[in-house]
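Visitor: When you get a sec, could you build the whole thing from the sequences and use the hints?
Residue numbers (the numbering used here), protein chains in the order written: chain A, 1 to 311; chain B, 1 to 311.
Note that these hints are calculated values from the structure, not bench results.
Note that the coordinates shown come from a computational prediction; the quantities given were computed from them, not determined experimentally.
Quick reminder that beta carbons are idealized off the backbone N, C-alpha and C, glycines included.
Some hints could be false.
If you want a taste of the chain B side facing chain A, the calculated C-beta under 8 angstroms gives, among others [as the list claims (entries may be wrong)]:
id, residue
1, ASP74
2, GLY78
3, SER130
4, GLY153
5, ALA158
6, MET164
7, THR165
8, GLU171
9, CYS175
10, ALA177
11, TYR253
12, GLU256
13, ARG282
Number of protein chains: 2
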Amino acid sequence: MRTALAIDLGGTETRAGLVGADGQVLVEARSPTNAAGGPDAVIGELVRLVEIIREARPDARSVGLGVGAPGPLDSNAGIAIAPPTLAGWHDVPLAARLRERLGVEVQLENDANVAALGEWRFGAGVGTQSMVFATISTGIGGGIIADGRLLHGRRGLAGEIGHMTIAEGTERCACGALGCWEALASGTALGREGERLAASGGSPMLRAMAGTGPVTARHVGEAARAGDAGALALLEQEARWLGVGIVNLLHLYSPEVVVLGGGVSQLLDLLRPEMERTVRLRAMSAYRDIPIVSAKLGGHAGLVGAASLVL
Amino acid sequence: MRTALAIDLGGTETRAGLVGADGQVLVEARSPTNAAGGPDAVIGELVRLVEIIREARPDARSVGLGVGAPGPLDSNAGIAIAPPTLAGWHDVPLAARLRERLGVEVQLENDANVAALGEWRFGAGVGTQSMVFATISTGIGGGIIADGRLLHGRRGLAGEIGHMTIAEGTERCACGALGCWEALASGTALGREGERLAASGGSPMLRAMAGTGPVTARHVGEAARAGDAGALALLEQEARWLGVGIVNLLHLYSPEVVVLGGGVSQLLDLLRPEMERTVRLRAMSAYRDIPIVSAKLGGHAGLVGAASLVL
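Guide: Below is the structure:
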């Protein structure tokens with residue numbers, strides 16, 4: 001079977017693996033990312049992880065190495081521009097340096113695009129030509145499959161879906177603007193609303209779950225599953241904001257399917273009724289019946305997607 | 001020189017022409033569209049117009065016929081699905097019927113995409129790989145060039161940029177939703193605000209310009225050019241809404257240039273300061289310096305764009 005080497009470089013953990021042409025992860029190795037150590041330390045660790053994989057499967061003939069890394073990065077040039085989660089990285093020619101050290105063809109892509117590609121080739125988007133992948137987590141990121149290929153745009157910066165304005169004069173986003181989708185519908189936003197509710201005395205259950213720490217999206221989800229009325233109301237609001245953003249994505253990209261990943265998507269069963277009601281209410285008729293589904297690849301999305309870059 | 005036949009089928013007027021490979025319109029013929037007459041009458045007229053063009057240039061060897069028509073339409077199948085401006089058109093196989101009658105290869109595309117293609121090949125977007133074209137007129141339409149080709153999406157319905165939500169609970173759009181870009185920033189919206197201002201006594205100049213009729217965007221533009229403070233304030237608000245929408249388009253498509261067409265774009269000199277201020281304020285840094293320019297092709301955009309489908 002054809003196989004590909006894959007690296008999923010994250011801000012806290014890095015994985016390497018060997019992935020089959022059927023999308024199965026055959027071997028995997030991982031280590032903490034030395035994010036403070038600078039490019040040389042991290043690249044050394046990437047090389048070491050790939051060598052571990054090669055030693056585990058010395059017979060494998062891989063077609064190349066796909067690498068998913070935090071953006072912004074220039075996928076054509078193979079350069080990591082300035083990933084905020086990695087200290088001291090500025091215009092690092094990551095693809096070229098790995099090619100030199102490992103003697104293999106390297107394709108680099110940002111992590112949201114990699115996850116989208118993995119879901120498209122091997123997950124919830126199989127068989128479509130156009131797909132929107134949105135990861136609802138600390139922030140909101142996205143990757144777009146447009147007419148049978150990954151949408152890049154200038155410098156690979158298309159698909160920054162978390163930073164579309166969907167409301168005026170409301171919450172300020174980490175990016176500095178007001179009313180971004182991410183500021184209203186990310187897991188961080190849901191946690192913030194949970195904290196406000198708990199602080200106002202509106203949900204003793206949330207307060208008890210969080211203890212002396214801040215309320216997180218996970219707490220809101222757990223309290224909602226336990227039937228807490230305040231938490232359920234927060235999820236209804238979350239679902240509505242998700243729906244508004246998805247309506248925009250439908251009109252702008254016209255996908256055949258919307259795939260949701262990230263921590264908040266694990267609450268999809270609770271979010272779905274109000275989210276779908278919002279879509280039916282606001283989308284034009286031709287866009288109303290597009291399925292909204294959960295990502296399928298889970299923790300392997302990064303590796304499988306990275307392998308898809310070369311498979 | 002290579003040439004192409006082109007049809008620009010509009011709700012009120014239809015044009016046909018012969019366009020050179022350099023984007024120049026060599027011959028042109030036009031007639032009112034019999035929009036109430038149904039598909040047979042309109043198609044008959046299209047055939048007649050093309051025959052006029054052929055008779056005018058009997059020596060021309062055209063590479064095919066490109067047709068721009070009102071959406072929604074399926075460009076792959078060459079079918080006009082249900083254009084709201086043409087009575088009795090439902091799933092009309094327009095490309096096939098013109099091919100039969102005229103004995104020439106036919107490519108069909110919706111009018112906003114055709115205009116985008118024309119600007120990209122021969123107008124304000126020449127030399128780019130990614131471009132957003134937005135026409136700010138009665139409504140707001142768009143066409144997207146993504147990584148070197150027209151973005152279609154499912155059923156060719158990508159790029160409905162007028163119907164992204166950019167504000168909550170504000171103006172209701174013709175599509176039924178609240179807070180669409182079109183409901184806030186189209187020429188119709190600008191006229192509506194002008195009418196409100198005039199009705200409240202806030203601009204005697206606007207009232208005088210409109211007489212007993214409704215205030216239109218054109219009146220607001222003229223009053224602003226004459227220095228009317230109320231009209232200038234309306235344009236500032238218009239510019240801000242345009243800027244918010246453009247910020248979204250930058251983040252979602254990452255174009256190298258944003259091209260504005262339609263009647264409202266003729267006020268670009270007045271709109272630019274506040275529009276660009278809004279972009280600088282709200283866009284992430286990597287997107288702030290993208291040029292926003294006027295469409296170049298003017299009244300010929302439809303024909304030149306249609307010809308680009310086959311050239």
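Visitor: If a hint holds in the structure, say so; if it does not, say that too.
Guide: Do the hints match the structure? See the list:
1. For the restraint placing B/ASP74 at the interface with chain A, the shortest Cβ-Cβ distance is roughly 11 angstroms, beyond the 8 angstroms limit, so the hint is violated.
2. Because the beta carbon of B/GLY78 sits about 17 angstroms from the nearest beta carbon in chain A, more than 8 angstroms, this interface hint is broken.
3. Taking 8 angstroms as the C-beta contact cut-off toward chain A, the hint placing B/SER130 at the interface holds, the least distance being around 5 angstroms.
4. At a threshold of 8 angstroms, the smallest CB-CB gap from B/GLY153 to chain A is about 3 angstroms, leaving the interface hint in force.
5. At about 4 angstroms, the closest approach between the beta carbon of B/ALA158 and any beta carbon in chain A falls short of 8 angstroms, and the interface hint on this residue holds.
6. At its closest, the beta carbon of B/MET164 sits 4 angstroms from a beta carbon of chain A; the interface hint therefore holds under the 8 angstroms criterion.
7. The restraint placing B/THR165 at the interface with chain A holds, with a minimum CB-CB distance near 5 angstroms, inside the 8 angstroms limit.
8. Restraint check, B/GLU171 versus chain A: the minimum CB separation of about 12 angstroms is more than 8 angstroms; hint violated.
9. Residue-level restraint check for B/CYS175 holds (minimum Cβ-Cβ distance to chain A is 5 angstroms; threshold 8 angstroms).
10. Of the supplied interface hints, the one on B/ALA177 holds, with its beta-carbon coming within about 4 angstroms of a beta-carbon of chain A, less than 8 angstroms.
11. A hinted interface residue such as B/TYR253 counts as satisfied when its beta carbon comes closer than 8 angstroms to some beta carbon of chain A; here the least separation is about 5 angstroms, so the hint holds.
12. The interface hint given for B/GLU256 is met, as the beta carbon of that residue sits about 5 angstroms from the closest beta carbon of chain A, less than 8 angstroms.
13. Annotation: interface hint on B/ARG282 holds; nearest CB of chain A at approximately 4 angstroms, less than 8 angstroms.
Going down the numbered hints, you'll see the structure goes against 1, 2, 8, while the others check out.
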